[in-house]
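Novice: Sequence:
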Amino acid sequence: MAENTIINLIQLRENHEGEIILIKAGRTAMQRLNEMGLVPGTKVKLVRKGPLRGPVELEVRNSHLVIGYGLASKIYVKTLDGKGDMR
1 MAENTIINLI QLRENHEGEI ILIKAGRTAM QRLNEMGLVP GTKVKLVRKG
51 PLRGPVELEV RNSHLVIGYG LASKIYVKTL DGKGDMR
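Going by full-length UniProt numbering, the first residue of the sequence shown is number 1, and it counts up by one from there.
Hint data in this document are derived by calculation from the structure and do not stem from the laboratory.
Remember, it's a predicted structure, so these values are computed and weren't measured experimentally.
For glycine and all other residues, C-beta sits at the position ideal for the given N, C-alpha and C.
Where hints are given, some of them may not hold.
Said to hold, decoys possible - Simulated crosslink set (DSS-like; lysine-lysine; CA at most 27 Å straight-line):
id	residue 1	residue 2
1	LYS78	LYS45
2	LYS24	LYS45
3	LYS43	LYS24
As the list claims (entries may be wrong) - Here are the computed distance ranges between Cβ atoms for each label pair:
id	residue 1	residue 2	range
4	ARG61	ILE6	19 to 27 Å
5	ASP81	ARG27	29 to 37 Å
6	ILE6	GLU59	15 to 23 Å
7	THR28	ASN4	29 to 37 Å
Between the sequences and the hints, there should be enough to build the whole structure, so can you do that?
Specialist: The structure is reproduced here in structure tokens:
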């Protein structure tokens, strides 16, 4: 797999990092993500995914955040190590 692949955040493997490239969401969701510091250019680490499309735990700037599967599916990241893609 090529390095720096762009994938959906929920496709990122646990304990791998990516950089937010694009967010495809409405105004309310964008505002919520912005308030949490999840904006393009931000590096995130996917810590854990809940079972059955459960919540997603992220590490962002030394803080842990939990967001829902639906919100996480609107975030696209560039893999930073070329190995974070689940495909």
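Novice: Are the hints correct? Go through all of them and say.
Specialist: Against the structure, the hints:
Annotation: proposed proximity of LYS78 to LYS45 holds, straight-line Cα distance about 12 Å (limit 27 Å). Only pairs whose Cα atoms come within 27 Å are accepted, and LYS24 paired with LYS45 is accepted, the gap being roughly 19 Å. Taking the CA atoms of LYS43 and LYS24, the gap is about 17 Å. The hint holds against a cut of 27 Å. Remark: the range hint 19 to 27 Å for ARG61 to ILE6 is upheld by a beta-carbon distance near 21 Å.
Separation of ASP81 from ARG27 is about 33 Å and conforms to the stated range, judged on CB atoms against 29 to 37 Å. Taking the beta carbon of each, ILE6 and GLU59 are about 20 Å apart, inside 15 to 23 Å as hinted. Judged by the Cβ atoms, the range 29 to 37 Å given for THR28 and ASN4 holds: they are separated by roughly 30 Å.
Checked against the numbered hints listed earlier, the structure breaks none of them; every hint is satisfied.
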